[in-house]
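A.B. asks: Sequence:
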Amino acid sequence: MSHDLFEAARAAMAFAHAPYSKFPVGAAIRAEDGKIYAGANIENLSFPQGWCAEPTAISQMIMAGNKKIVEMAVIAEKLPLCPPCGGCRQKIAEFATAKTPIYLCDETGVKKTMTMEELLPHGFATNVIG
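Add 39 to a position in the sequence shown, counting from 1, and you land on the number used in my numbering.
Think of the hints as simulated: they come from the structure by calculation, not from any bench. Don't take each hint at face value.
Said to hold, decoys possible - In silico BS3-like links for lysine-lysine, alpha-carbon gap of 30 Å or less: (1) K130 with K117; (2) K107 with K74; (3) K106 with K130; (4) K138 with K106.
Using the sequences and the accompanying hints, generate a full structural model.
C.D. replies: Here it is, written out as structure tokens:
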């Protein structure tokens, strides 16, 4: 199942707008409806007004009416096995569970699987705060 997420994340990475960092990233989510939602990072000269690939994919998922990430893949052109940044980990956690698998990829496919609990062991819990 993760191979199609890898392919979607890699395809999304091709649409990254990263003229300043030169660091394209792609992400793909499988939502509870089984569909895949992908995104790329989009930079802006007015830092920090750009955004990462993961929230782009999350936005696609939300706009399609879904609220749950079942699994996710992330790929960066220049950094194999690039994990989501700290802010994105909290954004993902908002729509995932502690056991949601996050696939870290290189140019050939999924190379490492981590859970949200491993990526963000002490993140804010929506059942406590909100």
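A.B. asks: Each hint: holds or not?
C.D. replies: Hints, verified against the model:
With a C-alpha separation of about 23 Å, the suggested pair K130 and K117 falls inside the 30 Å cut-off, and the hint holds. Among the hinted pairs, K107 with K74 is consistent with the structure: their alpha-carbon atoms are about 11 Å apart, no more than 30 Å. Between K106 and K130 the alpha-carbon distance is near 12 Å, which keeps this suggested pair within the 30 Å criterion. Between K138 and K106, the direct Cα distance comes to roughly 16 Å. Compliance with the 30 Å bound is thereby established for this hinted pair.
Hint violations for this structure: none, all hints satisfied.
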